[in-house]
Structure formats: structure tokens, C-alpha cells
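2 protein chains.
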Amino acid sequence: ARPRVGYFYTGKTGSELLTDKIKKLSVRDYHSIPVVVNDQANAYDAITTMFLEDVGTLFVVDHHGMLVGVLSRKDLLRTSIGQQDLTEVPVHIIMTRLPKIKVCQKDDLLIDAGIKLIENQIDALPVVQEKGKGLEVIGRLTKTNITKAFVELVKNEDV
Amino acid sequence: ARPRVGYFYTGKTGSELLTDKIKKLSVRDYHSIPVVVNDQANAYDAITTMFLEDVGTLFVVDHHGMLVGVLSRKDLLRTSIGQQDLTEVPVHIIMTRLPKIKVCQKDDLLIDAGIKLIENQIDALPVVQEKGKGLEVIGRLTKTNITKAFVELVKNEDV
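Protein chains in written order, with the numbering used here: chain A, 1035 to 1193; chain B, 1035 to 1193.
Mixed in with the good hints there might be a few duds.
Put simply, identical chains are the same to the list, so a pair is met inside one copy or across any two.
As the list claims (entries may be wrong) - Pairs of lysine-lysine residues, derived as BS3-like cross-links and limited to a Cα-Cα distance of at most 27 Å, are as follows:
| no. | residue 1 | residue 2 |
| --- | --- | --- |
| 1 | Lys1189 | Lys1136 |
| 2 | Lys1108 | Lys1182 |
| 3 | Lys1189 | Lys1134 |
| 4 | Lys1150 | Lys1189 |
| 5 | Lys1055 | Lys1108 |
These are computed hints drawn from the structure, not numbers from a lab.
Please construct the entire structure, taking both the sequences and the accompanying hints into account.
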């Protein structure tokens, strides 16, 4: 379609158009694949998984596959400098656990997920959906996803 | 000033207004304070500094205070699982060093810094200025800064 240039009616200021555009972006279009470890895994397993999958945050699940905790690179670095044998440290004693974990859902606005990341000073949110009494992890929403969205806002206009 | 609502002439589409607004954001208005360690420091010192200052990236400087390297939480986690005594590992053997480091300057556009972070898959850029033959570190630009800028784009409109 030809761009509309010149006089046009929107009923809105330019600034409002910006907000409208950002408020259309949802978590479902920007999240990454989640990487999980079992709550019976040890810290050494978790660090290995983190490097193999090249992620900064792991989600910890129980034997039903339901979310129970979150492990950051910071949690694992703290553990690794204090311990002789990381294979003897179970992840469930070093993770942040429910209900302290912040989560988001795939229909949430990307901007609301961004606000949660900033206000709670965390790097990633699990994208979850309710399943029975638990939360199934279906995605991972990070500051990298938000940074990509920010870059695309401009790149898409330059085409 | 009263918002202009209704018919107005801009010569631009709403989308272009979005791009214009983002292209006014510069690194100088969003970067954080840099945290540096000396290149003679050891990995244990670096990890301690990272926790004390609560940052994910340290910049390594020489005895003139000039940038020589970058240390990420990932670099330090990798080192900490492989070593018995972290006080015997000098940071200059585990850091990413110039000229492989990506940098930005305070007058750069925030969007260009965001593109560098994404394309190079890194968490932070040192904000530098030339001083003699070296680069002085005057700031730290991270995905957190970009996420904050993204959130503020909408928050400022809601006032």
C-alpha cells in the first residue's frame, strides 16, 4: 500500500500513534524457547545446561513438568564461588521459588512484561499457562527480546 | 502546550513519527555508571566486585585507566567451575580484549547501541571517549537501559 502523506485525519497526535503501536506488541510474538531443569538436578548440571543452551536464566520444574523455581546466572555464580563440589548442591536450595517468581502469559502486552523486568530487577520471566493447579512453562521473555522489539520498531519503518 | 488533535499537517505518516521519536534517543540519556577492575586483579576480586556493585559486566582498565577488556558474568561463571583457586587467575587471561570489544560513544543513537547488543549477542557496551591513544570508559550501556527506554516511551505518553 502507498503511504499516506500530507493531510490526514487520525484524531490523534503523533505521540499517541507511538503508544498505540507499542501497545499492540504482545509477549507471544517476541518470547524465546524456555530452557528447563528438573528440581532434582544439581548446580553443576544447571551450569552445564546454561552453557550448552547459551541462556542466562533456567526454569526449574517438578516431576509433573510444572514450574517451581527460577535460576539466574547470578545464583549459579554465587553458588560456584562458595562450594567445593557443585554436584552436591541441589538446584532447589539455590533457586528463587514460587510464589516469589514473577511470570507472564503469552497474551500479555510486551510493555507490561518490560515493566515487570525493570521493576523487579530481573533478566527473564517465564511465560506460563495454567494447567490443573500448576503453571506450565511455555516460553522465556528476556531483556534481549525487548531490545530486539525496540530495534525492530525502527528497522521496520526503514524498509 | 495543548495537544494538536484532528487534522494536522506533518508531511509524514504516523509510523514515521514513531521512528523520529526513537531516533532522538541517545546513549548519553540512558547509560549507567561503569564499574571497572584493574587488569592486574584476579577472578575472585572481579566476582566480588560484580556482586558488590550488582552489575553483569565489568570493564577492565590498565594502569592509565584506559579500556583493555570486558568481563561478563558468563566469563566468570566459566572460570569459577574450572578452577580451584580463583585468586590465582588474573582477569586479563579470561576477559574479552580490545580490539574484539564492541564500544559506543555518548552521542550515539540508543537504537544503534541496541543493534550492536543484539547483533553481537552481548549484554553491555562500554561508553567510551578517546583520550590520547586510548579509550576512557565513561559509561555502561546495557539491555536494561534499552528496556527502560522502551517502557518510558509508553509511560511518558500516559501522563
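Subject >> Unmet hints by their number, sorted upward, for this structure >> reply: Hint 5 contradicted; others consistent.
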